[in-house]
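Given two chains presented individually in distinct reference frames, assemble the corresponding complex, making use of the accompanying hints.
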Amino acid sequence: MEMLTGAEILLKSLEEEGVDTIFGYPGGAVTDIYHQLVKTDIKHFLVRHEQGAVHAADGYARASGRVGVCLVTSGPGATNTVTGLATAYMDSIPVVVLTGQVPRALIGNDAFQEVDIVGITRPCTKHNYLVIDIADLSRTIKEAFYLARSGRPGPVLIDLPKDIMSMTAPYKPVKKVNLRSYQPTYKPNLRQLNKVLPLIREAKRPLILAGGGVVLSKGSEELTRFAKKLMTPVTTTLMGLGVFPPRDQLWLGMLGMHGTYRANMATSRCDLLIAVGVRFDDRVTGDIDTFASNAKIVHIDIDPSSIRKNVAVSIPVVGDCRLALEILNDLLEKEQLDGINEARAPWLDQIEEWKSTKPLAYEQGDVIKPQYVIETLCRLTRGSAIITTEVGQNQMWAAQYYHVDKPNSFITSGGLGCMGFGLPAAIGAQVAKPDKLVVDIAGDGSIQMNIQEMATAVQYGLPIKVVILNNQYLGMVRQFQELFYDGCYACTDMACAPDFVKLAEAYGAVGLRASKPEEVEPVLREGLAIEGLVLMEFRVEKEELVYPMVPAGAPITEMLLV
Amino acid sequence: MNESMNEKHILSILVENQPGVLARVAGLFSGRGFNIESLCVAETNEPQVSRMTIVTIGDLGVVEQIKKQLNKIVDVIKVIDFTGKKFVQRELALIKIRARPENRAEVLRMVDIFRCRVIDVGAEYYTVELTGDEGKISAFLNLIKPMGIKEIARTGALALGREKK
Ligand SMILES: Cc1ncc(C[n+]2csc(CCOP(=O)(O)OP(=O)(O)O)c2C)c(N)n1
Ligand SMILES: [Mg+2]
Numbered sequence: 001m002e003m004l005t006g007a008e009i010l011l012k013s014l015e016e017e018g019v020d021t022i023f024g025y026p027g028g029a030v031t032d033i034y035h036q037l038v039k040t041d042i043k044h045f046l047v048r049h050e051q052g053a054v055h056a057a058d059g060y061a062r063a064s065g066r067v068g069v070c071l072v073t074s075g076p077g078a079t080n081t082v083t084g085l086a087t088a089y090m091d092s093i094p095v096v097v098l099t100g101q102v103p104r105a106l107i108g109n110d111a112f113q114e115v116d117i118v119g120i121t122r123p124c125t126k127h128n129y130l131v132i133d134i135a136d137l138s139r140t141i142k143e144a145f146y147l148a149r150s151g152r153p154g155p156v157l158i159d160l161p162k163d164i165m166s167m168t169a170p171y172k173p174v175k176k177v178n179l180r181s182y183q184p185t186y187k188p189n190l191r192q193l194n195k196v197l198p199l200i201r202e203a204k205r206p207l208i209l210a211g212g213g214v215v216l217s218k219g220s221e222e223l224t225r226f227a228k229k230l231m232t233p234v235t236t237t238l239m240g241l242g243v244f245p246p247r248d249q250l251w252l253g254m255l256g257m258h259g260t261y262r263a264n265m266a267t268s269r270c271d272l273l274i275a276v277g278v279r280f281d282d283r284v285t286g287d288i289d290t291f292a293s294n295a296k297i298v299h300i301d302i303d304p305s306s307i308r309k310n311v312a313v314s315i316p317v318v319g320d321c322r323l324a325l326e327i328l329n330d331l332l333e334k335e336q337l338d339g340i341n342e343a344r345a346p347w348l349d350q351i352e353e354w355k356s357t358k359p360l361a362y363e364q365g366d367v368i369k370p371q372y373v374i375e376t377l378c379r380l381t382r383g384s385a386i387i388t389t390e391v392g393q394n395q396m397w398a399a400q401y402y403h404v405d406k407p408n409s410f411i412t413s414g415g416l417g418c419m420g421f422g423l424p425a426a427i428g429a430q431v432a433k434p435d436k437l438v439v440d441i442a443g444d445g446s447i448q449m450n451i452q453e454m455a456t457a458v459q460y461g462l463p464i465k466v467v468i469l470n471n472q473y474l475g476m477v478r479q480f481q482e483l484f485y486d487g488c489y490a491c492t493d494m495a496c497a498p499d500f501v502k503l504a505e506a507y508g509a510v511g512l513r514a515s516k517p518e519e520v521e522p523v524l525r526e527g528l529a530i531e532g533l534v535l536m537e538f539r540v541e542k543e544e545l546v547y548p549m550v551p552a553g554a555p556i557t558e559m560l561l562v
Numbered sequence: 563m564n565e566s567m568n569e570k571h572i573l574s575i576l577v578e579n580q581p582g583v584l585a586r587v588a589g590l591f592s593g594r595g596f597n598i599e600s601l602c603v604a605e606t607n608e609p610q611v612s613r614m615t616i617v618t619i620g621d622l623g624v625v626e627q628i629k630k631q632l633n634k635i636v637d638v639i640k641v642i643d644f645t646g647k648k649f650v651q652r653e654l655a656l657i658k659i660r661a662r663p664e665n666r667a668e669v670l671r672m673v674d675i676f677r678c679r680v681i682d683v684g685a686e687y688y689t690v691e692l693t694g695d696e697g698k699i700s701a702f703l704n705l706i707k708p709m710g711i712k713e714i715a716r717t718g719a720l721a722l723g724r725e726k727k
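Which chain is which? The protein sequence lines are H and D, in order. 1 is the number of the first residue of the first sequence in our numbering; add one for each residue after it. 563 is the number of the first residue of the second sequence in our numbering; add one for each residue after it.
Among the hints, a few may not be true.
Pulled from the structure, derived: some chain D residues nowhere near chain H, Cβ distances all over 12 Å [unchecked claim]: (1) K570; (2) S600; (3) Q610; (4) N665; (5) I675; (6) G697; (7) G723.
DSS-like cross-link-like pairs, simulated, lysine-lysine; straight-line CA separation at most 25 Å [stated by the list, open to error]: (8) D:K634 x H:K187; (9) D:K634 x H:K309; (10) H:K355 x H:K334; (11) H:K309 x D:K630; (12) D:K634 x H:K142; (13) D:K629 x H:K309; (14) D:K629 x H:K187; (15) D:K727 x H:K309; (16) D:K630 x H:K187; (17) D:K629 x H:K176; (18) D:K630 x H:K296; (19) D:K640 x H:K187; (20) D:K634 x H:K176; (21) H:K218 x D:K634; (22) H:K433 x H:K406; (23) D:K630 x H:K195.
Where chain H lies over chain D, by a calculated footprint (3+ residues, C-beta under 8 Å) [to be verified]: (24) 578-586; (25) 629-637.
These are calculated hints, taken from the structure and not from any lab test. Nothing here was measured: the structure is a model prediction, and the numbers come from that model. All residues carry an ideal CB built from backbone N, CA and C; glycine is no exception.
Here chain D stands alone, though its shape is the one from the complex (with noise of 0.2 Å):
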């Protein structure tokens, strides 16, 4: 059923916090095809509840078909699809960049720019930490590059529906 484009969609999910339940809901993604961009999983404000945040990418009919089975999970609680939605997104990425004396004002300059923090320094590496939507990340990434990026951990997307006024 080829009825639109690929599109991204941030799904959040909410499971009961049972044993097994990320490895029944990355099962379906990878037993049935579907794609996953990213995945970020913590309990909520109910210990038995917990939240995932997963990224995905498909045309209508495939998101239409993630969203109902994950709903036929049994510890599938909740699905909620972003798209269309009032929402708030966030992520966070730890990067290792290389802090050669000659760059690190640069390094340093982008940091404040970004409104980055240096959490971590050494002789040849400063680790920052950058939180915001996919977008000023990769922005940021992008103009890091040149200076030497060592590692980079990112959380992936997280996300809420605003508040409806």
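Isolated chain H (complex conformation) (with noise of 0.2 Å):
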């Protein structure tokens, strides 16, 4: 058999996987790995923190559906990377983290850039693993990467010490995953499934909520077939947004505390909700009590846990959502719809209603408004872009104003909400996507907290364009202190910023400003066309607010709204 050192069977094992690229940040513990790595086809990105590689890996799961991976070393490279797989963890996003250790014999000692990475990360990777026996090493990354895309996505993470890496053994590619306690539930059970038949003839108010489990299985198309077959109107959450098109008279846009105000109605006063991968989470159910409280539920996802955890439901369903929805599919063609779209006439005149006499709405004036910039953004690209964002009003605005037509692309942190997402993500993406319009929609705040990947989409050039609305703070915080702290702004003013256009040149990329309206859209036609990276400023309204909001905890309906 092959002898090779622990740097070759761990890269060949990658290549086993079909791992082409990496993003990644070398130090003292990965070493011999990077020593093979440049040996190899693997295209390896260099960012310019490890925080980064991990969003861009995770962007670039997000983008192509297959798993990203992360190569960083031992300590404060491998501490950088919790807030990645943290953010990876809350939206089942599968990534593999290869973190460098200390040599087995020093573990335990304090020794140089040694921490406990594999008990730091614990509690924010769907599993992990410290390698300590090289006979384990091509079985585990085997394990990981299966891991990290079946089931219920997400990150593994695995530890591998530096003698491992540089010591030799014989090699032989592992061929099978073998794990017991491991087998996720991919086909629904038919007969939950046939239980659904008789509350979809009955129902006179339906309603579909589909989020991020339906882009991980990619049931967009089975979801739409299901939708448009029982004139059903379909709601998403924000991770959801994309598996639906757009342009439907059926799309009523994303629902929860920045929900459309339609949305949001209906979810309230449908008498059946058929949701399919979302947990419920508080941002999309306000108060619990009275989330849906009209309707039965129906609960697909292929996470047991996620069901029944937050809301009861009427009927459980655990699978692949994609599957589910095939299977239903397919049982619906057998059964006699006659009718039953005439029966819901009304409910969808009603919804016809609330989308005229309560619309997302914004008036332009002198200033720029946002909601302007990604309207326009949304027309010139017309919806087809890839989009990043970062985290706070930008990333509402964006859901709210841009309408992606197509799964996996819309890509944003949902579940953790993490500022510094969208400009390493946007470069995961790109790499995933070369041939894609990829665009960063970023805060003024956000943007500055992984700023200097800059360098990185610069470095392999990557022609990502990055719009940035500039309100000068932190505004969805402040957002809060106006409505709910009596107007007092405490600490979210972002004024003193650098200037972007002037760092964008720095970095040896393309700067533009739009300050005025009459501006905006030059600026968005001139950044687009340019093939390198791209940073658009717009300076924006200062104190624009957005609507429709539910204050945290109260029912969907109480929408404040313009």
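Written as structure tokens, this is what we have:
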């Protein structure tokens, strides 16, 4: 048998998994790996901060549906991945993070750059490993990738002691994973699905709520077929944006804290809620006791622990969302559905009325409105860009006004709400989809959290477009302060910021600025036409608020409107 | 989801005998605010498998979540909730009881009644070993308390299902 070093075994095993891209940052504990890595065909993207590496791997995974891979050194390199891991964990994104570790003999000795990263990341990974025997190395990698992408996906971390990377051992590729303790349920129980049919037949006011699980299971087409066949309106969570065509009559927009009026009203008035691949986060439900209180709830999810965690459901269905929808669609083929759509006409009329009475709205005056920037961006790109977002008002306006037309194109930190995600995620998305337009919609605060990744994008010629909605505030927090804390803007002023245009230039990118409404479209047109990395700053209305807004914990029908 | 009263549940959890598996299980309980009354863990007849016995308290919704979350841990093979099932339960306690000359006879009498064993005799203390279910152990502790208890070490509950007939 071939004798290889640990580093070689690691890289062979990665290649076995089809890995061709790694986002990483070197250091003492991983020098053996890097020494070998450059001899392979795997492309390595050198980030400027390890947090950026995980977010980039995450963005890569979200855009491509493949596992994102990240390689960092021990100690500070490893701890810098924690925020990225937590982000991927909350949103169920398949990422494998490889961390260097001090040699085995030094583990536990407070050695230089030693941290117990397995201990630190236990609660924010799907699973993690410390490899203590080189004989386990290739199996561990096989398992890690399998765990990351199967069932409810999530990040997996592998900690690799330096001495294992440099010692030699025989290498035999591992072909199969055998984990008796891990057997995700893909195929939903038919009996459960059959129970859904009478509910569909009886429902007068049905509604579909789709989430990130539909994206992850590639179930968008089945979902669309299902909704159209039953003339059932669709709302999604932030994570579900893109799974349903945004220009369809049945589309209601996102629900929840900053959801549309029609989506929130429909959720609370519906008599049947078919929830697919969602987990009923508090930003979605608001007050849990009044959430969808008139509805029977069907809940389809691959993770049994998501079901009945927050809301009581009538019919739980554990399984893969796409498979469940496919089976439901097949079952419906055989159903007598005559008349049910006529019976729903009043419901659809009601929804049309909600749409027209309380649409998303803003008034473009003398100062640039952030919504206008996003709306224009959407018009110019016809909704076909891959959007990544930062966190805050910019994220919510992006969700409300940029209507992505495909799944895997709205890439946002939903569960963790992690500022600094957008730019590195855009790097990952652009690497995964070199031919697509990738736009990071950013706030002036968030963009500064991982601004150093501009250098990464420039180094690799990634033609990302960054759209900064500069309101000179940590706007979303300021919004809370304006509405609920007597307008006392404690520590949310961001007026002291770099000159973003010069900053872009300093990084070797192009910087553009729009300060007046009439400059918005020309700047966007110019920026989008440039081939390389462009940062566009829009000096927007400082105190614009995101509407609708449901105060935290209130029923989602109690919306503050413009 | 408040649908029922808080109740004690004995959970038996079979896990892969991997490093860190105890931390995964314990961390799950602390991280999600679940309760651990007692926890007991050791290898089973299969050396790669350990059995953890955890006594927890919660309403049905909470206990359902606990079981689902436990099952999500990759190293957890199986979770059994003995609630509503036929099972046997034992706990072992080591108790160091003050044994002054005037109450030695009484201590020994209690030891006899409860079928404990004295496993160490000193000038001032008897250490006794007691097994039983939780009720028996607390009954003994209550009776012996007036004589003076110096130290106690308890295993927490252990349980196995009864054979189905
Ligand atoms: C890492 C991190 N720190 C703090 C927060 C809390 N937070 C949420 S939104 C927000 C303001 C973001 O400001 P900016 O990026 O300018 O976006 P805006 O709301 O102004 O559009 C803050 C501080 C967070 N979500 N993430
Ligand atoms: Mg801002």
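Right, here's what the structure says about each hint:
Listed as a non-interface residue, D:K570 keeps its Cβ farther than 12 Å from every Cβ of chain H; the least gap is roughly 21 Å. The claim that D:S600 is not at the interface with chain H holds, since no C-beta of that chain comes within 12 Å of its own (minimum 22 Å). Taking the minimum C-beta to C-beta distance to chain H, about 10 Å, the non-interface status of D:Q610 is violated against the 12 Å cut. The claim that D:N665 lies off the interface holds: its Cβ sits roughly 48 Å from the closest Cβ of chain H, which is beyond the 12 Å cut-off.
For D:I675, the shortest C-beta to C-beta distance to chain H comes to about 45 Å, beyond the 12 Å cut-off, and the non-interface label holds. At roughly 33 Å, the least C-beta separation between D:G697 and chain H is larger than 12 Å, which holds for a residue marked as non-interface. Every beta carbon of chain H lies more than 12 Å from that of D:G723, the smallest distance being close to 20 Å; the non-interface claim holds. Only pairs whose Cα atoms come within 25 Å are accepted, and D:K634 paired with H:K187 is accepted, the gap being roughly 17 Å.
At roughly 14 Å between alpha-carbon atoms, D:K634 and H:K309 fall within 25 Å of each other, so this suggested pair holds. For the hint linking H:K355 to H:K334, the alpha-carbon distance of about 33 Å lies beyond 25 Å, and the restraint is violated. This hinted pair checks out: H:K309 and D:K630 have alpha carbons roughly 10 Å apart, not beyond 25 Å. Proximity of D:K634 to H:K142 is assessed by CA-CA distance (about 19 Å); at most 25 Å being required, the pair is judged to hold.
As the CA atoms of D:K629 and H:K309 are separated by approximately 12 Å, the hinted pair is consistent with the 25 Å bound. The suggested pairing of D:K629 with H:K187 holds, with an alpha-carbon distance near 21 Å, which does not exceed 25 Å. Annotation: proposed proximity of D:K727 to H:K309 is violated, straight-line Cα distance about 35 Å (limit 25 Å). Only pairs whose Cα atoms come within 25 Å are accepted, and D:K630 paired with H:K187 is accepted, the gap being roughly 18 Å.
The suggested pairing of D:K629 with H:K176 is violated, with an alpha-carbon distance near 28 Å, which exceeds 25 Å. Among the hinted pairs, D:K630 with H:K296 is consistent with the structure: their alpha-carbon atoms are about 23 Å apart, no more than 25 Å. For the suggested pair D:K640 and H:K187, the alpha carbons sit about 20 Å apart, so the restraint of at most 25 Å is met. Distance hint between D:K634 and H:K176 is fulfilled; the C-alpha atoms sit about 21 Å from each other, no more than 25 Å.
A C-alpha spacing of about 22 Å is found between H:K218 and D:K634, which places the hinted pair at or below 25 Å, so the restraint holds. For the hint linking H:K433 to H:K406, the alpha-carbon distance of about 14 Å falls within 25 Å, and the restraint holds. Between D:K630 and H:K195 the alpha-carbon distance is near 23 Å, which keeps this suggested pair within the 25 Å criterion. Evaluation of the coverage hint for the region 578-586 of chain D: fulfilled, as 5 residues show C-beta separations to chain H shorter than 8 Å, against a requirement of three.
For the region 629-637 of chain D, the proposed coverage by chain H is satisfied: 6 residues have a C-beta within less than 8 Å of a C-beta in that chain, meeting the threshold of three.
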